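Engineer: Now for the letters of each chain:
There are 2 protein chains.
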Amino acid sequence: MKLFTVGPVACPPEVLEEMKRQMFSHRSKEYKEVHRQTVERLQRFLETENQVFLFPSSGSGVMEATVRNCVERKMLCCISGAFGKRYAQVGESNGKEVERLETMLGKPTTPELLDEKLSSSPDVEAVAITYNETSVGLLNPLPELAKVVKKHGKLLFVDAVSAMGGVELKVDEWGIDVCFTSSQKCFGIPPGLAVASVSEDALKQSERAKDKGWYFDFKLYEKYQKEQSSTHMTPPVPQILALNKELGVIETEGGKQKRFELYSKRIRKIKEGVEGLGLSLFPQKGYESPTVTCVNAPKEISGLEVYERMRERGFELAKGYGELKERTFRIGNMGYIPLEYVDEMLQALADLVK
Amino acid sequence: MKLFTVGPVACPPEVLEEMKRQMFSHRSKEYKEVHRQTVERLQRFLETENQVFLFPSSGSGVMEATVRNCVERKMLCCISGAFGKRYAQVGESNGKEVERLETMLGKPTTPELLDEKLSSSPDVEAVAITYNETSVGLLNPLPELAKVVKKHGKLLFVDAVSAMGGVELKVDEWGIDVCFTSSQKCFGIPPGLAVASVSEDALKQSERAKDKGWYFDFKLYEKYQKEQSSTHMTPPVPQILALNKELGVIETEGGKQKRFELYSKRIRKIKEGVEGLGLSLFPQKGYESPTVTCVNAPKEISGLEVYERMRERGFELAKGYGELKERTFRIGNMGYIPLEYVDEMLQALADLVK
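Taken in order, these protein sequences are the chains called A and B. If you're matching positions, the first sequence starts at 1244 in my numbering and goes up one per residue. If you're matching positions, the second sequence starts at 1244 in my numbering and goes up one per residue.
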């Protein structure tokens, strides 16, 4: 099966080889060296001097971490789809008040809307933004949104789950307080690991936080990283080894710009191919995601049927998400996808919709 | 390096092979089948009709889960070492009141002590017990302790992290409400996955819990398991594949009793070997752990030195934990340890201490 999933995505061969390495103690010298190197590579990748922590969790675990460490009472969630909604749900289930700035499905959060919202709700402490909303294939204008958040002096959490590794993220320049992803997206690693950069302001907030719990306590991550180059619990060693390996590959193969070029090239091929079949994309023009293409289903076939029939042909795409399950299907552009797979996938799709 | 660690432990070859499998979606039919099978095998292994959930976390994550789902105000932590202390810390950091029943290092919690404590503190809602306290190599008398907890009508949480898979655990017969472990101990899987059986009483408590959060919400685990044979976030697929594989191996190789016999045989060999060198064990006689041997360091060499010098000889043991770092060293008996490795390790240890 050739994968065009939205996560877990297909992993490159060198990553899978790394996953089968024999284990060793997370308190050993060998582990500490790998941990240190992985963190430094992520800092370079994100162009940040903030600390970067490694979490034994999925990306959603870091949503919970931001809420518990950095929000005392109230936060704002910008919602462009299912994962923005999840952020709000995580906030409320942790007892916080959540303001919502929700756009119609397929429309981005704009700087104007955000500015207006923050002016009328000056008491929110932090703003959560989904950079790339996987459920609708939409990329929010993060650099502009970040400026608005900083103008209002709020903490900024960025869910970069389906963005980091496939599209630029300048953490310090843009002023992101917590920027996180999980392993199974653009980095092309199996699931089980999340990573996040955490600013000094976020850590200060964590220091004051009450009842923040143990598992996601930023201050404990900081302490163990500084003192032991490790985590306060056992980390997912295979996924960390694999991520370290892949970050090394990115560095030796021309750096992150080269990687972003590959993503651009593939997404153009996918987008042009799909449109060439007379199909249209779901999100508003100009905001299409570079990592996942959300396609309106053709009149004769439902999105779900496209998904099932493509599977029969050996291609695992992604179903439409939630209320878009029938109306759309999605084509992932993350992880290990050789360019010739894209041609084959488009050919199979052509046979299906013609 | 031959591993006698206390986790992550060495994994058998079939587990490492499974770890390198190409990924697939956690919403696919293939994943659902693996998830369902893993859960059913764990239920058989634990002799329980309770639900068993798979957590994208370390074992300590499930400590946090029990506290947040099932404790409204106050719990009792039985402490025989570092991991009992951790449980108390997790309770307090989540804003709960924690009563402590702490024994001297190396001494077990006895049913008499527990009965007395519960009689004088009738307002605790739940009792947490570390079955096997890894830090001191001690096995608490769980079946007898469980009877006391149930007599007092309290919820029972069992940290079975370094026990499950190496020693018997009868969840329903003993009346354990939440019984958990992580992958990197007796099952011999890499770290990144925790598993727990959760009783109906625990789920009822979770239903009433306020501000319990999203990531560790038992009711969400239940919902997604029932409706989708999956989890509400992306699970650590490689570790689940590997655990399923290994549980299958245990079943086809004569069942869990056969596996426990292997653990008994190895631990006897280790214990007799160590004592044959004139060394003594740290914990109280009769309560020595079947999965990790905590050895008093010889007079001439500190525990830390034993650890370092054994490393030079190609054997990774475990350092003493916390305040026992100088006074003890530990020999793990978990995961992939062929019997001949035990002989070689004991020979190297003999050369060192003679």
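Keep in mind that the hints are not guaranteed to be accurate.
Which copy? The list can't say, so a pair holds if one copy fits it or any two copies do.
What the hints assert, rightly or not - Simulated pairs of lysine-lysine, DSS-like, Cα-Cα distance not exceeding 25 Å:
(1) 1488 <-> 1501
(2) 1512 <-> 1317
(3) 1360 <-> 1275
(4) 1528 <-> 1453
(5) 1466 <-> 1328
(6) 1466 <-> 1528
(7) 1328 <-> 1501
(8) 1469 <-> 1508
(9) 1339 <-> 1462
(10) 1568 <-> 1514
(11) 1488 <-> 1453
(12) 1466 <-> 1501
(13) 1514 <-> 1499
(14) 1245 <-> 1488
(15) 1488 <-> 1508
(16) 1245 <-> 1508
(17) 1339 <-> 1447
(18) 1272 <-> 1562
(19) 1413 <-> 1597
(20) 1597 <-> 1328
(21) 1562 <-> 1397
(22) 1514 <-> 1390
(23) 1394 <-> 1466
(24) 1394 <-> 1597
(25) 1568 <-> 1360
(26) 1339 <-> 1528
(27) 1390 <-> 1562
It should be emphasised that the hints constitute simulated quantities derived from the structure, not laboratory data. These numbers come from a predicted model, not from an experiment.
Engineer: I want to check one pair: residue 1394 and residue 1597. Are their C-alpha atoms no more than 25 Å apart within a copy, between two copies, both, or neither?
Structural biologist: Classified as neither: same-chain Cα gap 51 Å, cross-chain 70 Å, threshold 25 Å.
Engineer: Pop the pair residue 1390 and residue 1562 into one bin, within, between, both or neither, using alpha-carbon distances up to 25 Å.
Structural biologist: neither (34 Å within a copy, 49 Å between copies)
Engineer: Cα distance capped at 25 Å. Does residue 1514 pair with residue 1390 within a copy, between copies, both, or neither?
Structural biologist: neither (30 Å within a copy, 64 Å between copies)
Engineer: For residue 1272 and residue 1562, with the copy left unspecified, which applies at a CA distance of at most 25 Å: within, between, both, or neither?
Structural biologist: between (44 Å within a copy, 13 Å between copies)
Engineer: Indicate which option fits the pair residue 1360, residue 1275 if close means a Cα-Cα distance not exceeding 25 Å: within, between, both or neither.
Structural biologist: neither (44 Å within a copy, 42 Å between copies)
Engineer: Using 25 Å as the alpha-carbon threshold, which applies to residue 1339 and residue 1447: within, between, both, or neither?
Structural biologist: both (19 Å within a copy, 23 Å between copies)
Engineer: Which holds for residue 1562 with residue 1397 at a C-alpha limit of 25 Å: within a copy, between copies, both or neither?
Structural biologist: neither (36 Å within a copy, 45 Å between copies)
Engineer: Taking 25 Å as the upper bound on the Cα-Cα distance, should residue 1488 and residue 1508 be classified as within, between, both, or neither?
Structural biologist: within (24 Å within a copy, 39 Å between copies)
Engineer: Evaluate residue 1245 and residue 1488 at a C-alpha cut-off of 25 Å and name the case that applies: within, between, both or neither.
Structural biologist: both (23 Å within a copy, 24 Å between copies)
Engineer: Between the shortest in-copy and the shortest cross-copy C-alpha distance, which are at most 25 Å for residue 1597 and residue 1328: within, between, both, or neither?
Structural biologist: Result: close neither inside a copy nor across copies, 36 Å intra and 65 Å inter.
Engineer: What label fits residue 1328 with residue 1501 when the C-alpha limit is 25 Å: within, between, both, or neither?
Structural biologist: This pair counts as neither: shortest intra-copy Cα distance 33 Å, inter-copy 49 Å.
Engineer: Cα distance capped at 25 Å. Does residue 1568 pair with residue 1514 within a copy, between copies, both, or neither?
Structural biologist: within (20 Å within a copy, 60 Å between copies)
Checked against the numbered hints given earlier, this structure breaks hints 2, 3, 4, 6, 7, 8, 11, 12, 19, 20, 21, 22, 23, 24, 25, 26 and 27; the rest are met.
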